[in-house]
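Number of protein chains: 2
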Amino acid sequence: MEKVDLLARLKPEIDLVDETMRADLQSLAGRELIPSSLVEVLEHALFSGGKRIRPLLCILAAALCGNNSKVVYRLAIAFEYLHVATLLHDDVIDHADTRRGRPAANTVFGLAPAILAGDFLHARSMFLVGTIGGKRCLELICSATEAMAAGEFFQLANVQKFNQSEKDYFTVINGKTALFIGAVCETGGIFAGAGNKEIEALKTYGANLGRAFQIQDDLLDYQGDPAKTGKTVGNDFCEGKMTLPLIHALKAADKTERYFLLDLLKGRKSERSVKLEEAKDIIAKNGGFEYGRQLAEKLIGTGIAALDILRARHNEQILATLTGLARYVIQRDK
Amino acid sequence: MEKVDLLARLKPEIDLVDETMRADLQSLAGRELIPSSLVEVLEHALFSGGKRIRPLLCILAAALCGNNSKVVYRLAIAFEYLHVATLLHDDVIDHADTRRGRPAANTVFGLAPAILAGDFLHARSMFLVGTIGGKRCLELICSATEAMAAGEFFQLANVQKFNQSEKDYFTVINGKTALFIGAVCETGGIFAGAGNKEIEALKTYGANLGRAFQIQDDLLDYQGDPAKTGKTVGNDFCEGKMTLPLIHALKAADKTERYFLLDLLKGRKSERSVKLEEAKDIIAKNGGFEYGRQLAEKLIGTGIAALDILRARHNEQILATLTGLARYVIQRDK
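Note that the protein sequences, when read in sequence, are chains A and B.
Its first residue numbered 2, the first sequence is counted upward by one per residue in my numbering.
Its first residue numbered 2, the second sequence is counted upward by one per residue in my numbering.
One thing to keep in mind: the hints can contain errors.
Which copy is meant is left open, because identical chains are indistinguishable; a pair holds if it fits in one copy or across any two.
In silico DSBU-like pairs for lysine-lysine, Cα to Cα no more than 35 angstroms straight-line [claimed, not checked]: (1) LYS12 - LYS136; (2) LYS136 - LYS232; (3) LYS198 - LYS136; (4) LYS299 - LYS52.
FYI, nobody ran anything at the bench for these hints, they're computed from the structure.
Given the structure is predicted, the values throughout are model-derived calculations rather than measurements.
Modelling step: build the complete structure from the supplied sequences, incorporating the hints.
Okay, here's the thing in structure tokens:
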């Protein structure tokens, strides 16, 4: 119930984010700066049911620090642009067929349009951040974007590395998700003219929310309801992808169980599919899921606690929304 | 002879561009912000014999306007980064095997590293432009980057469009090449604190140099020496790509010749390869190559003339170098 209330309460902000993106694209198309074929790809990629978490976090962070202006929406859409740019390129890289339950852009329009539309959104994003947010915001977002690419490289380097540590795992998710979401929250604070301690608190909140988000994704991959997530159960394991529950279980398991999992991981995908339930039981028995759940909760707790110094702003309602969003991240079932 | 002298005279600047890129990458790798696997792709893509035209133009534009500081090199490498980012993505899109006579990054490292390294360079480029050049430079470069992606979309929309006009052709090359090179020159002027008329002149110079560069590329594709260009002769025609000589010839040719060319263009690639010499003869007879050559010369003339107002700066040697570079663009044989 709480989740529904929260998202319903944020609907006006989400709608305004969408409107701002549409107006931005129309302004470019109207000046004939972009062809209709590009607009088509952008609309497909941008308006297909994203949760708009990143823009919302930027808007809420700015509001918490006292800036409720409409201009912040122009800054905030930059983060949806950047996020969707990475999704476009990720789907090309993964040869993905679907995204958010719809055909992926690379499937509908082809390789070139998907890559180029990503590049376009990338540039547009930097433009908005640099011109609206200023130099400090640009530095943050560029560094976070570099870290996203670097995170993907760390992940590629970890493929088939079955003795990964928790540290390896966090190096990847910090780069791919957490630093960016932290930077989004920081940017909201910087835009609102917040103090350095407040900005640091927003970063801690955002980065921990990002980490917990990723862990929850990993848990849902094993334990989610396909009707809700829209994804097959156990996909990560079948692909041989090392996520937190599995990394923890491999460390905690006895010799027999560890060899069983390692044999599967080194073997064929079809074999992993067949023995998925056995693998899940071993992960569960060794506390892999419980560990992930507890760690995600701890991270969310740390993130929410960091916001304490912002209580002095007396924006209880926004603080409650940010707290609710953080809790939503680990309570969500899709 | 002149070309050799010109490039030899610029060797110290070219070397300093390379050193600045190496130092930049090392600073990131040293702080463990990027994994060695990413550095490897970046080094392969960046240090494989590029002419460094874009950084040189930025450095020379700044010097012409009175700024000879070493800082401009940090700004200038952003343009090589951005250029190489587009090459990385172009090679993925074109499934290219080679680049500058060496195996392309996508061939050596694969699809994902090539796309991600491009994204990384993209972000790093925007970071350097925004933090060193400031907001106005960032706006220019982001717009030029958006135009590059848009230009590629215009080009995709023109595939198999055999009745292209010269205007269609220029829409594509303005987006893909000319606006960016214009923005690079503008940025050098802005960085040096030049006046608006000077900045406008640098833009005109750069954009026309970019247009002529592209036309020369198209001419070399038909008429270059493979031993020098490293490319097969007639590749554009065999691929059915409409470039200026062909567009002009189709307009000037009589009915028989036009139908001959159109039949080939609508037919199979193998047939175009076989009849390449006949097609070249028709293009030549109808002044396609001569027209391209004259137009490129005219554009270079306009570009050089625009620099006149910068004579008041009394930097004759730099002005001579910029003039020489512009002439080199249309005299080069590779």
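To see whether the hints hold, each was checked on the structure:
When the C-alpha separation of LYS12 and LYS136 is checked against a cutoff of 35 angstroms, the pair qualifies both within a copy, at 31 angstroms, and between copies, at 33 angstroms. Taking the closest pair of Cα atoms, LYS136 and LYS232 never come within 35 angstroms of each other, the shortest separation being 40 angstroms inside a single copy and 43 angstroms across copies. In this homomeric assembly, LYS198 and LYS136 come within 35 angstroms of each other (Cα to Cα) both inside a single copy, at 19 angstroms, and across copies, at 26 angstroms. For a Cα distance limit of 35 angstroms, the shortest separation of LYS299 from LYS52 inside one copy, 23 angstroms, qualifies, whereas the shortest one across copies, 53 angstroms, does not.
The structure is inconsistent with hint 2 alone, although it conforms to all the rest.
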